[in-house]
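Once you've looked at the hints, dock chain B against the given chain A.
From first to last, the protein sequence lines are chains A and B.
Sequential numbering from 8 applies to the first sequence in the working numbering.
Sequential numbering from 8 applies to the second sequence in the working numbering.
Do not rely on the hints blindly, as some may be mistaken.
For chains that are exact copies, the list does not tell them apart, and a pair is met inside one copy or across any two.
Below, computed lysine-lysine pairings styled on DSS-like, alpha-carbon distance capped at 27 Å [unchecked claim]:
1. K47 - K70
2. K26 - K47
3. K17 - K47
Because the hints were derived from the structure by calculation, they are not lab data.
Protein chains: 2
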Amino acid sequence: MRAKIAITIKPDVLDPQGKAVLHALHDLGFSAVADVRVGKYFEVELEAGTAEPEAAIAQMCEKLLANPVVESYHFTLDEGAR
Amino acid sequence: MRAKIAITIKPDVLDPQGKAVLHALHDLGFSAVADVRVGKYFEVELEAGTAEPEAAIAQMCEKLLANPVVESYHFTLDEGAR
Numbered sequence: 008m009r010a011k012i013a014i015t016i017k018p019d020v021l022d023p024q025g026k027a028v029l030h031a032l033h034d035l036g037f038s039a040v041a042d043v044r045v046g047k048y049f050e051v052e053l054e055a056g057t058a059e060p061e062a063a064i065a066q067m068c069e070k071l072l073a074n075p076v077v078e079s080y081h082f083t084l085d086e087g088a089r
Numbered sequence: 008m009r010a011k012i013a014i015t016i017k018p019d020v021l022d023p024q025g026k027a028v029l030h031a032l033h034d035l036g037f038s039a040v041a042d043v044r045v046g047k048y049f050e051v052e053l054e055a056g057t058a059e060p061e062a063a064i065a066q067m068c069e070k071l072l073a074n075p076v077v078e079s080y081h082f083t084l085d086e087g088a089r
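Chain A with its partners taken away, still in its complex shape:
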């Protein structure tokens, strides 16, 4: 099964990379863009039959993929994919 994980910087933390992308989009003529936040994205493939996949993915995020001090994570589990 596959987990799709999005890591985002918490709303009250500055995101200079997002600001740079925002300016680049404005320079390209996309004036309707009000804000951009940049994050990370992971697709993690788990062996079929893994016990408690939600808890395992949450632990991976806490221990390695995200920095819980300044980042939050969200994920969806796709049981069918393999």
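Chain B alone, transformed into the frame defined by chain A:
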């Protein structure tokens, strides 16, 4: 309205960063992980009432956010968020 954009490396393109994360997860004891792919994630806030938001976001991905040669993009539009 807010677009959540995930950029992923195409399946036939090597992802050494994903392999590094895979090994790190194994070292941490997450032996059930079979594969990891690393991508990028953007949240783009559009002004309310933007015309054809899907087309605008697709253009942003093609022109700036993704490299269409080796990456694909997927996005969802969240009409309510603001």
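Of the hints stated earlier, which fail here? none
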